[in-house]
Amino acid sequence: MRSMTVRRYGFAAALVLMTPLGLDAQPEAEWAAVEQAIGFKGAVQPGGVFRVGMPRSDLNVTVQGVRVSPGFALGSYAAFRKTGQRAMVMGDLVLLDEEVPAVMSGLLERGLSVTALHNHLNEMSPHVMYLHYSGQGDPLQLAQALRGALGASGTPFGAKPAGGAEGPAIDQKQVEAVLGRTGRVANGILQVVVGRAERITEHGTELPPAMGVATALNFQPTGDGKAAITGDFVLIAPEVNTVARALRAHRIQVTAIHNHALSDAPRLVYMHFWANDDAVTLARGLRAALDATNSTKAK
Numbered sequence: 001m002r003s004m005t006v007r008r009y010g011f012a013a014a015l016v017l018m019t020p021l022g023l024d025a026q027p028e029a030e031w032a033a034v035e036q037a038i039g040f041k042g043a044v045q046p047g048g049v050f051r052v053g054m055p056r057s058d059l060n061v062t063v064q065g066v067r068v069s070p071g072f073a074l075g076s077y078a079a080f081r082k083t084g085q086r087a088m089v090m091g092d093l094v095l096l097d098e099e100v101p102a103v104m105s106g107l108l109e110r111g112l113s114v115t116a117l118h119n120h121l122n123e124m125s126p127h128v129m130y131l132h133y134s135g136q137g138d139p140l141q142l143a144q145a146l147r148g149a150l151g152a153s154g155t156p157f158g159a160k161p162a163g164g165a166e167g168p169a170i171d172q173k174q175v176e177a178v179l180g181r182t183g184r185v186a187n188g189i190l191q192v193v194v195g196r197a198e199r200i201t202e203h204g205t206e207l208p209p210a211m212g213v214a215t216a217l218n219f220q221p222t223g224d225g226k227a228a229i230t231g232d233f234v235l236i237a238p239e240v241n242t243v244a245r246a247l248r249a250h251r252i253q254v255t256a257i258h259n260h261a262l263s264d265a266p267r268l269v270y271m272h273f274w275a276n277d278d279a280v281t282l283a284r285g286l287r288a289a290l291d292a293t294n295s296t297k298a299k
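My numbering numbers the first residue of the sequence shown as 1 and each following residue consecutively.
Think of the hints as simulated: they come from the structure by calculation, not from any bench.
Please read all numbers here as calculations on a predicted model, not as lab measurements.
Ideal placement from N, C-alpha and C gives every residue a C-beta, glycine not left out.
Just so you know, not all the hints are guaranteed correct.
What the hints assert, rightly or not - Calculated lysine-lysine pairs in the DSBU-like style (CA-CA distance at most 35 Å, straight line):
1. K173 to K41
2. K297 to K82
3. K41 to K299
4. K41 to K82
As the list claims (entries may be wrong) - Taking CB as the label site, the calculated pair distances span:
5. Q85 to K173: 38 to 48 Å
6. K299 to A249: 35 to 45 Å
7. H118 to K299: 11 to 21 Å
8. G48 to Q191: 14 to 24 Å
9. A159 to E98: 18 to 28 Å
10. Q64 to G154: 19 to 29 Å
11. G47 to P238: 20 to 30 Å
12. G47 to N259: 43 to 53 Å
13. N259 to N60: 25 to 35 Å
14. A177 to T242: 34 to 44 Å
15. A249 to G151: 42 to 52 Å
16. Q174 to E98: 18 to 28 Å
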């Protein structure tokens, strides 16, 4: 068994393995073991990030009368990135209120750090919270720690992929043209990801967008050309009120403003949003907000 110690960075505890997997280990085999430990499939993303989605397909959640798809607003995830001989993991967990205490204790007892706990949306039924976490160490042991903590929740390990969203498809090309960015459709949800232009780090390690530090814009069709939208803008402090004004001017609700991490540089603020209206009209509002940020440029 590998020996381990816990190193503290300020208020955050990070798991550090003294004898991690060797550098000659095959990446494919390493990530396969992580998948098996967590109980969900993952995929390698740009920047060498291995990301595992853990949708809460067991939950039937509505927001302002709209039934939300797991891939729209109920997606727990873990993002791994090798850092020399070790790895770092970041992500957040979708939890019912009553699941939060036991899962949080499980993370802390296993050497992972809790970095934030908050809502993302309002008027959710049943109410769910989002628990953000991080850790450093051996990828497999990090995955085992995460799976152990999540055993106190109803997360459906080994479940079949979640079904698609309800309602006819929206005009993807027109929405993308307004946003100036292309997206992808997964299970009926149009997902557009926009990275920030500056370099983002955590404890000196660069964080690619796939680690969860990119603006996420999700569209779930609700019929007649309409869509519910949610996601979050990744901002620095001077952008927060400008973006909030842009969203509100286009009748998009701001539902939460908070941190996700503890030691990111520059210090990032996450602004979550919600609306249900004509998809192209909402895209114009999101574009106005994007233009007020230091995001990668539109095409």
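Note to self: Against the range 42 to 52 Å, how does the distance between the Cβ atoms of A249 and G151 compare: consistent or not?
What the structure shows: For G151 against A249, whose Cβ atoms are near 45 Å apart, the range 42 to 52 Å holds.
Next item on the list: Look at the Cβ atoms of G47 and P238 and judge whether their distance stays inside 20 to 30 Å.
Entry: Once the Cβ atoms are compared, 26 Å apart, the range 20 to 30 Å for P238 and G47 holds.
Next item on the list: Using the Cβ atoms, figure out if H118 sits within 11 to 21 Å of K299.
Entry: 33 Å, violated
Note to self: Does the beta carbon distance between G48 and Q191 stay inside 14 to 24 Å, or does it fall outside?
What the structure shows: 21 Å, holds
Check: Taking 35 Å as the top limit, are the C-alpha atoms of K41 and K82 close enough?
Finding: Roughly 18 Å separates the two Cα atoms, so the pair holds.
Margin query: So if I understand the rule, the pair passes when the alpha-carbon distance is 35 Å or less; does K297 with K82 pass?
Written below: It holds: about 28 Å lies between the C-alpha atoms, which stays within 35 Å.
Next item on the list: For the range 25 to 35 Å, tell me whether the beta carbons of N259 and N60 fit it or not.
Entry: 30 Å, holds
Check: Do the beta carbons of A177 and T242 sit within 34 to 44 Å of each other?
Finding: For T242 against A177, whose Cβ atoms are near 24 Å apart, the range 34 to 44 Å is violated.
Check: If you check the beta carbons of K299 and A249, does the distance land in 35 to 45 Å?
Finding: 24 Å, violated
Check: So does Q85 sit 38 to 48 Å from K173, Cβ to Cβ?
Finding: 45 Å, holds
Check: Given the hint that K173 pairs with K41, does the C-alpha gap stay at or below 35 Å?
Finding: Holds, because 29 Å separates the two Cα atoms, which is no more than 35 Å.
Next item on the list: May I ask you to test the hint 18 to 28 Å on the CB atoms belonging to Q174 and E98?
Entry: Hint violated: Cβ distance 42 Å, outside 18 to 28 Å.
Against the hints set out earlier in the document, violations occur for numbers 6, 7, 12, 14, 16.
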